[in-house]
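Novice: Residue numbers (the numbering used here), protein chains in the order written: chain A, 16 to 350; chain B, 4 to 303.
I should point out that these hints are in silico values taken from the structure, not numbers from a laboratory.
One thing to keep in mind: the hints can contain errors.
Claimed, not checked - Interface residues of chain A toward chain B, partial, derived using beta-carbon atoms under 8 Å:
1. Thr-154
2. His-285
3. Leu-287
4. Leu-292
Yeah, the Cβ is synthetic: ideal placement off N, Cα and C, and Gly gets one too.
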Amino acid sequence: MVRRYAIQRVLSVVPVLLGVSVLVFSFVHLIPGDPALTMLGERATPEKVAEVRARLGLDRPVWEQYVLYVGKVLRGDLGVSIVRGDPVLADLLRRFPATAELATAAILLAVALGIPIGVASAVKRNSLVDSLARLWALTGVSMPIFWLGLMLAWLFGVQLRLLPTGFRLESGTAFVPWTNFVILDSALQRNWAVLADALRHLALPAVALATIPLAIIARMTRASMLEVLSREYIRTAEAKGLSQTAVVLRHALRNALLPVLTVIGLQVGHLLAGAILTETIFSWPGIGLWVYESIESRDYAIVQGASLFIAVIVVVVNLATDVLYAAVDPRIKYD
Amino acid sequence: MATLEAAVHGVEAVVGGGRSPAGAAWRRLVASPVARAGLLIVGAFVLIAGVTPIVHDYDAQTDADLLLRLKPPTAAHPFGTDTLGRDILVRVLHATRVSLGLAVCAVAIAAVVGSALGVLAGYFRRQVDLALMLCMDILLAFPGTLLAIAIVAMIGPGLRNSLFAISLVSIPVYARLSRSAVLALREQEFVLAAQSLGGSGRRVLLSHIVPNSLSPLIVQTTLSVAFAILEAAALGFLGLGAQPPTPEWGAMLADSYKYLTSGAWWVFCFPGAAIVLSVLGFNLLGDGLRDALDPRLGGR
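Whole structure, please, built from the sequences with the hints as guidance.
Specialist: Right under this line is the structure:
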């Protein structure tokens with residue numbers, strides 16, 4: 016049953032991915048006027064404009080452009096940067112580790128704090144702890160990431176001088192990364208000084224990016240725990256004389272975590288979008304900062320390529336979450 | 004009692020007899036401290052947005068006093084001044100109308116368009132439903148903020164383009180919500196009753212199904228406004244939303260991180276605080292409305 020559901024679910028992704036490609040493809044056609052002229056600026060020569068038009072295939076009929084676009088994407092060609100001429104996919108992959116590292120740190124932080132806060136809030140329902148946790152969670156989801164980032168950078172970086180407010184490592188650090196995952200690389204190379212430095216640089220952006228998922232996970236855990244705690248098998252467990260810790264952790268939390276898992280899966284998209292804002296503030300050299308710079312320099316190929324890349328990641332992660340959920344929860348209905 | 008009330012809730016809306024459901028919901032709303040706090044904050048911001056332009060003339064084009072650049076808060080300028088020597092309090096107050104207006108308009112458009120699509124999908128089903136929901140799934144594949152940023156980056160910065168992008172990314176949630184409400188409602192007996200009395204498709208849709216699917220939409224609208232304020236601020240911050248010198252909370256933060264090391268905290272602290280407070284207000288109100296409009300939750 017699970018296998019059939021998994022196959023169905025995978026197949027249902029195909030039209031969505033096709034639609035995503037149509038949408039991203041049409042981005043170029045959203046540019047008002049002549050895209051080639053807009054990209055090159057007012058002072059471009061007619062020859063140069065014609066050349067870019069031809070390179071982008073803008074001189075062909077739209078459907079042909081789309082077929083060409085999909086063909087290129089399937090072969091791993093996301094176009095080239097208009098400003099610098101580099102292939103977009105290569106740059107994307109080179110910068111992705113920085114974003115992945117930041118997003119992973121943020122989600123780990125959000126789960127490690129969000130679930131205990133949600134559990135405490137549900138167990139001590141309507142107590143002072145619960146009220147504070149709820150208010151805090153609500154403030155968390157109301158927080159613009161970039162503002163939180165600014166405030167953190169100002170407080171811990173400028174006022175208290177505790178943590179660095181930009182880049183992944185102290186400038187001038189002699190370190191040759193292997194995979195561009197600086198934390199992983201420095202640990203593998205047993206370069207503890209660099210590892211400590213990398214963690215210090217990661218701290219503020221990770222906290223800023225973690226805040227919203229943390230708040231959402233805490234709220235979801237609380238709601239899910241309240242639901243489970245009102246079930247009869249919990250009363251049975253309590254009546255058996257089990258300690259409260261055993262009831263909460265072994266009986267309630269394990270069942271309450273399933274919806275929380277889905278919510279965690281849904282956060283991946285928000286983390287990648289949030290990275291654009293967080294990386295801008297902390298000069299974090301990942302995909303987000305790159306997209307921000309490309310918007311400023313009107314390098315549309317990069318905006319297009321990065322959007323497609325992120326959308327595909329989101330679709331795949333949601334697919335994986337759904338299938339995992341079905342595999343883990345025997346109660347799920349397949350239709 | 005609570006479940007009985009829920010059952011009666013739908014019938015009352017149609018029959019119109021007994022205690023009005025709207026009145027009961029209002030009483031539950033004001034009884035909750037969370038909702039009262041939300042109402043108070045939202046009310047204050049709406050008041051500021053409405054009154055500021057009437058009691059105070061502000062011309063963003065001419066506002067600058069280079070002698071007063073980056074002055075910390077004083078009695079004359081309680082929020083300090085920015086890099087052009089402009090009073091930040093004045094600009095935060097005038098920005099309320101721009102930021103709130105943008106968010107409310109975007110959500111209004113999204114709610115109308117999205118609900119209409121959802122009702123159509125839910126009522127006609129088959130190909131209409133499939134096609135519309137596929138479109139919504141495609142939009143949902145993008146994180147909302149990313150799609151809004153990408154669209155505005157392409158069509159060009161500005162308030163009108165931001166409005167378009169924020170509305171577009173807010174549509175799917177309404178389409179899905181109203182579709183599922185319609186699907187659930189069309190199986191209900193009062194809809195069957197209306198149909199067997201000879202009510203036309205349109206009549207059944209507009210006078211029976213739509214009014215009964217309103218309460219989740221009202222809650223969603225409040226929460227969407229909160230989200231739209233954040234989106235608008237993000238676009239403004241990236242330089243894609245309101246263009247200088249128009250006062251808008253996000254745009255006021257746009258270049259401020261470059262002055263971070265100079266220690267001018269007031270430049271970004273106050274516009275950001277306005278964003279957090281207004282978004283918090285709408286979120287509190289949304290939570291309160293959910294409890295008030297859905298008595299089945301029993302104040303959980």
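Novice: Hint by hint, note whether the structure agrees.
Specialist: Checked hints:
1. Thr-154: Holds. Min distance 6 Å.
2. His-285: This hint holds: A:His-285 lies near chain B, its Cβ roughly 6 Å from the closest one there, short of 8 Å.
3. Leu-287: Constraint on A:Leu-287 satisfied, holds at 6 Å.
4. Leu-292: For A:Leu-292, the interface hint holds, since the closest Cβ of chain B sits about 6 Å away, which is under 8 Å.
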